[in-house]
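Trainee: Read off the chains here:
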Amino acid sequence: MSREGRHRQPGLTFYSLAFLALVVASFLVVAGIGLFSVRSFDRQLAEVADRLARRELATVIHSIEQEWRRSMEALTGWDEVRQQIENPVYYPYWRGHRLREYGKLPEDLVGVEVYDARGRMLATLSDSRLPHRLRSEMLGTEPYLRLHPDGLVWFVAPVAGAGKGILGFVAMKLDLLKRLRQHHYRYLLADSLALGALPRPLSLSELPMRFHFRVPPSPELGLLKQSMTRTMMMVVLAVLLLALVFYAAALRLLRQPLQRLLQAVRGLEDDPSAGTVLDESLPLAELDEIREALNAYQSRLSQVHRHLDRKNQELWELAYHDGLTGSYNRRAFDEHWNALLDTVPGSRMPVSLVLFDCNHFKAINDTYGHQVGDLVLQTIAGIIQSNLRNGDNLYRVGGDEFVLILLDADAEAARRLAERIMDAVRGYDFSRLGIEEPVRLSIGIASAIAEHAEQLRNMYWEADLAMYHAKRPGFHHIALFSEDMKSEAGSVFSSQTIATVTEAIETGRNLVMYYQPIHSFREGRVVYYEALVRIHGEHGVINPAEIFQIVESRRLEQDLDRAVFRQVRADLEQGLIPEGTGVSINVSGPSVTEPALFDWLEPMAGLLERYRIVLEVTETSLIRQIYEASRSLDRLRAAGFKVALDDFGSGYSSLRYLASMPVDVVKFDITLVRGLAERNRQAQVIEGLVQLIRAAGYPIVAEGIENEEMLERVRRLGFEFVQGFHIGRPAPPQALPGGARSGTA
Amino acid sequence: MDQVQARCARAVRGCFVFLLLLLPLTALADQPDLVREKMPNGRVALATWHPGHEDKPPVLILHGFLQTREFPTVARLGESLAEEGYPVLLPTLTLGVDTRRKSLPCEAVHLHSMEQDAEEVAYWVKWLQRRTGKPVTVIGHSAGSSTMLALSQRHPELPVSRMILVSLLSFRPEEASVEGKPVPSAGGRLREYRIAFCKRYPSTPEAFASYRAWDAKRTLQALADAPWPVSVILGGADDRVTPQWRARLKASPAELRVVEEAGHFFDTQYEFDLLDEVMDLLGGA
Chain A
4 MSREGRHRQP
14 GLTFYSLAFL
24 ALVVASFLVV
34 AGIGLFSVRS
44 FDRQLAEVAD
54 RLARRELATV
64 IHSIEQEWRR
74 SMEALTGWDE
84 VRQQIENPVY
94 YPYWRGHRLR
104 EYGKLPEDLV
114 GVEVYDARGR
124 MLATLSDSRL
134 PHRLRSEMLG
144 TEPYLRLHPD
154 GLVWFVAPVA
164 GAGKGILGFV
174 AMKLDLLKRL
184 RQHHYRYLLA
194 DSLALGALPR
204 PLSLSELPMR
214 FHFRVPPSPE
224 LGLLKQSMTR
234 TMMMVVLAVL
244 LLALVFYAAA
254 LRLLRQPLQR
264 LLQAVRGLED
274 DPSAGTVLDE
284 SLPLAELDEI
294 REALNAYQSR
304 LSQVHRHLDR
314 KNQELWELAY
324 HDGLTGSYNR
334 RAFDEHWNAL
344 LDTVPGSRMP
354 VSLVLFDCNH
364 FKAINDTYGH
374 QVGDLVLQTI
384 AGIIQSNLRN
394 GDNLYRVGGD
404 EFVLILLDAD
414 AEAARRLAER
424 IMDAVRGYDF
434 SRLGIEEPVR
444 LSIGIASAIA
454 EHAEQLRNMY
464 WEADLAMYHA
474 KRPGFHHIAL
484 FSEDMKSEAG
494 SVFSSQTIAT
504 VTEAIETGRN
514 LVMYYQPIHS
524 FREGRVVYYE
534 ALVRIHGEHG
544 VINPAEIFQI
554 VESRRLEQDL
564 DRAVFRQVRA
574 DLEQGLIPEG
584 TGVSINVSGP
594 SVTEPALFDW
604 LEPMAGLLER
614 YRIVLEVTET
624 SLIRQIYEAS
634 RSLDRLRAAG
644 FKVALDDFGS
654 GYSSLRYLAS
664 MPVDVVKFDI
674 TLVRGLAERN
684 RQAQVIEGLV
694 QLIRAAGYPI
704 VAEGIENEEM
714 LERVRRLGFE
724 FVQGFHIGRP
734 APPQALPGGA
744 RSGTA
Chain B
498 MDQVQARCAR
508 AVRGCFVFLL
518 LLLPLTALAD
528 QPDLVREKMP
538 NGRVALATWH
548 PGHEDKPPVL
558 ILHGFLQTRE
568 FPTVARLGES
578 LAEEGYPVLL
588 PTLTLGVDTR
598 RKSLPCEAVH
608 LHSMEQDAEE
618 VAYWVKWLQR
628 RTGKPVTVIG
638 HSAGSSTMLA
648 LSQRHPELPV
658 SRMILVSLLS
668 FRPEEASVEG
678 KPVPSAGGRL
688 REYRIAFCKR
698 YPSTPEAFAS
708 YRAWDAKRTL
718 QALADAPWPV
728 SVILGGADDR
738 VTPQWRARLK
748 ASPAELRVVE
758 EAGHFFDTQY
768 EFDLLDEVMD
778 LLGGA
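Sequence lines, in order, name chains A and B.
Letter by letter, the first sequence follows residues 4 to 748 of this note's numbering.
Letter by letter, the second sequence follows residues 498 to 782 of this note's numbering.
FYI, nobody ran anything at the bench for these hints, they're computed from the structure.
Quantities reported herein were computed from a predicted structural model and do not represent experimental measurements.
Even for Gly, the Cβ is constructed at its ideal location relative to N, Cα and C.
Here are the simulated BS3-like cross-link-like pairs (lysine-lysine), alpha carbons at most 30 Å apart as the crow flies:
hint	chain 1	residue 1	chain 2	residue 2
1	A	107	B	696
2	B	678	A	107
3	A	167	B	535
4	A	167	B	599
5	B	623	A	167
6	B	599	A	107
Label-pair restraints from in silico Cβ distances:
hint	chain 1	residue 1	chain 2	residue 2	range
7	B	534	A	194	55 to 61 Å
8	A	194	B	696	43 to 49 Å
9	A	225	B	697	56 to 62 Å
10	B	535	A	103	31 to 37 Å
11	B	535	A	130	33 to 39 Å
12	A	99	B	696	15 to 21 Å
13	B	534	A	181	45 to 51 Å
Next up, chain A with everything else stripped away, as it sits in the complex (with noise of 0.2 Å):
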C-alpha cells in the first residue's frame, strides 16, 4: 500500500498539541477547582460577614433599645406625666411644652403621647403621629416593644400608680430604620440597611434576620483574591513556558530525528541495499539506539536481500530455463510468446518463428541411451544459440523441439539463419558422441507483420505445420510455411470455426460428449465409455481433427481437458452415463504434467463410488516428462482414478517405459490391432507384445474392433477389453442404454 493511500496516524506534532492541551484542560480544572475554593470561602466569608453584621446589628438594636426603655422608664417615672394622667385638662400644654421639652426622650422619637389606663389619650390631639387610642394588645403590665409594618417601633410601657394598679401609659413612635442608618457599623453598610414588608408586628430580637443590607468589601479577601490572581497567573505562565520548552524540546530532540529517521527509512526505497540507514547519531540515547538496531537490521536486511536475490535469479533461472541444455523452457517461451502477443501488434515489425526437431531423436536415445540423447539435445542447443544475433532467445519447449523467436525478422531472414544453423549441425562431428550415423534436424518456419494479431496467433501452428512438412522424407529439412500446407493439411479453418471452437472451451456451449462403448471379456459387459469430444458448429459437428488442430496451435489442450472434465462430470452427475459402468476420457500430454490436474479432477472424486473413471494418456506425454506425469498420476491413482495408457505402440513404444509408467490399463493402438489381422511377422511380434504384457500384469484394450473375426481375434490372444464400431459406435449420452448392458461381439 503507498504512503499516501496509507490510513495516517497521529504525530509528534499531534499528540504534543495533544499534551500540551492535556495541560491546559489539568490546569483549567485545577484553576476552576482553586476559583470554586475561593468562591467556597468567599461565601464563608460572607457568610461570616453576614453573621457579624447581624449580630452588631443585633447589638446595636439591643442598645437602642435599652436606650429606650431607659427614656421609657424615665418617662413612666416622670411625676408630670402621672400628674397629667391624673389631671389632664392641660395635657395638650404640657405635651407641646413640657413633654416637648423633656431632655430624655428618644432622639429617634416620631411621636409620644400619654395615655390613661384604658388605653385613651389624655386629650384628643390632631396632631399626634399617635392613635387616640391604643390596641389592647399594647395594654399590658410589661411594655410592649414591638417593630410594626409601617416601619416604625411602638414603644408601650404602663405608668405604674400609687397602688398597685397601672395609672396609664406612655407610647411612643420611634424611627429604628433611621436610627440604625445614623449609627457608625464597623461590619455592614449604615445606607444599604432595609426592611421588607412585614407580616405582623415583630419584637426587636426578631429584628437582626430581617434586615437587608451590604457588607463593607473586605479587605483582607481582596488581598487573597489578588494574590490568588496573580499567582495563578504565574503559575499560567510558568505552564506555558513549560509548555513551549517542552514542545521545542519534542521538535529539536524527537521529532527532527525521527524525520530524519524517516527519511532515511524511505530513501531505502530508492536503494533497498544500502548498507546503513543512517550514519549521523542521534540526540537522544534511545533513538540512537534505535538507529543503531535500524543500521544493523538494513545491514542484515541488505544481506538477506541479496541472498534472496541470488535465490530469485537461480529459481528464474530454474523456472525459466532447460536445467539440459541451458537454454529457456516451454514456460518462459509461453511467456514471452503471449507477451509479445500483447505488444508488437499494431508495428510493422516483421516477426519470425522458427521450430526446430531432431530427426530420430527418440531413435537416438533409445539407441545410445538417454545420457547420449541429453548431449545431442545440448549440442544442438549450443549450435543454434552460436549462430543468434544478440537478443535472439532459444526455447526448448519438447524433448528434441526448439523454438526461435525472431523479432525483426522476415521470413527470408529466418530462413537464412535456418540454413546456417542447418549447415552447422550437418558440419558437427556426432561421431564424437558416439552416433555413427547422421544427426539432422528438421526446421519450419513461419513469419508474420507484428500488425496482424490473428496472424502473430496462428504462427506457432504454422511454424509446426511447415516444420512436419520439412519432416517429409525427399523434402528439404527447411520448410517456410504457406498457405498450400494449409491447403495441404485440409486444415483451413474458417475464423468461425475458431470462434466457436475456443467459445465452446471457455463456455461449455455446443461442446457435448459422445461415449463409445468399451467391453469387458470377462464380466461380459460393457464396463465403461470412452469420452469423445464433439462441438457442434454452423455447419454440424466439427470434425474432431480440425478441433485439435486448433486446440494444439492456441495452445489450449489445458483448457479442452477441463472443458471436458466439467462435461463429462454433469453428465455422470445428470446420471446419463449407466451406473456400474464409467468414462474413460483423454488427457492431453500438458495436463499430464500440470501440478493442477489433481484439482480440476478432484470434485469428480465423490463420483468413483458410482463410476469407474479410466485417465487415457499417451505415452509421449508421459516419456516427455515422465516424473512429473508420475506424481500427478500417482496421486489421482491413490484417489481412485485408473490410468490407460492410450495409443500404445502408435509412436517409439518402449517397453523399458512401460515397466516404469503409472498406469492400470494399456489400450493398444489401432494399428497395432488391425497388424494382428495379418498373418506376417509382425502380427507374431505383436501377438508376443500383448503376451508380454499381459504377462506383466496390465488389461490390454484392443480398440477399433470393427468385425466379429477381430473380435474373435483379439479374444483368443487374451485381450480382456475391445472397443470399436464393431462394439458400439460413439453415441450422445441421450443415446445411451439405462443401465449397464452385456455388449455383444
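Chain A is already provided as a structure; the job is to place chain B on it using the hints.
Mentor: Only chain B this time, still in chain A's reference frame:
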C-alpha cells in the same frame, strides 16, 4: 469677744459633729421608714419617717416651694434631728402628683394651691401626733414656712407645740405678675405667671392666687395671729431676705434668730448652726 467665743464654740461643735458624721452612725440611728398616705384631696403622698425616741418631741419638717423632702436643707436637718433621737417626719407635698419624688419644675402645670398644701400638712401633723402621742413641732423652710403659717390659719386646732420657720419669706408682689400671661393652647384657663424663683409658672389664676396671697402683709399677720409659739430663723447672708423684711420680722411677735453668714439654704457648715438653733428651740419647747 462673746461673738468670737461663740463662733469658736460653734466651730468646735461643728468639727465634733462632722467627726461624728464620719463614724458609722447609721447603727446608732433608727432606719427611716417610707410612709405612703392618701391625702384628703385623693393624692397619695410620701414621707420619710424617723421614729426617734419616745422622750423626744416629734418634729415635722416641710420643704420649700416645689421641692421635696429630699431637698438638702430639710433632709440634712431631719437626719440630724433623727440622729439626736427626735421623731422626725419629712413629708413631700403632692402638688397634685401621686407619690411625687422629685421637685416640680416651674414650667410644669401647677394646679396645686396653698390650701391643698396646708391640708396635706395638717394630715401629716395629725398622723404624727397619732404615732407619737405628743404635740408636734412643725418646721418649715422657705415657702414651707408660708405653708406652716397657712396651716396655722386653717387649722389652729392641731396639736402643734411649736412652729419654727426657717428662711421665712413672702411672695413679693413685684416678682409676681398678678395677671399672668395667657397660654392660647391651654384653653384659656391656664396662664403663665412669675412667682418666687419661677419665671414661667403655668397655673390657673385660682391656684396661683392661693400662693400669691401670701405676701408680706399676710405673712406678718399670720405670725401675729399664730396660735402656737413661733420662732423664725434667718440666715444672716440670705440674699432673698431684705433688711426691711428682717426688720419687720424682728418687729413681729415671733422669736427671730439669725445665723450670721448663713445663706437661704444653710448649706455647708451653716447647717450645723441651723441644727443648733433648732435643737436649741426644741430643747426649749
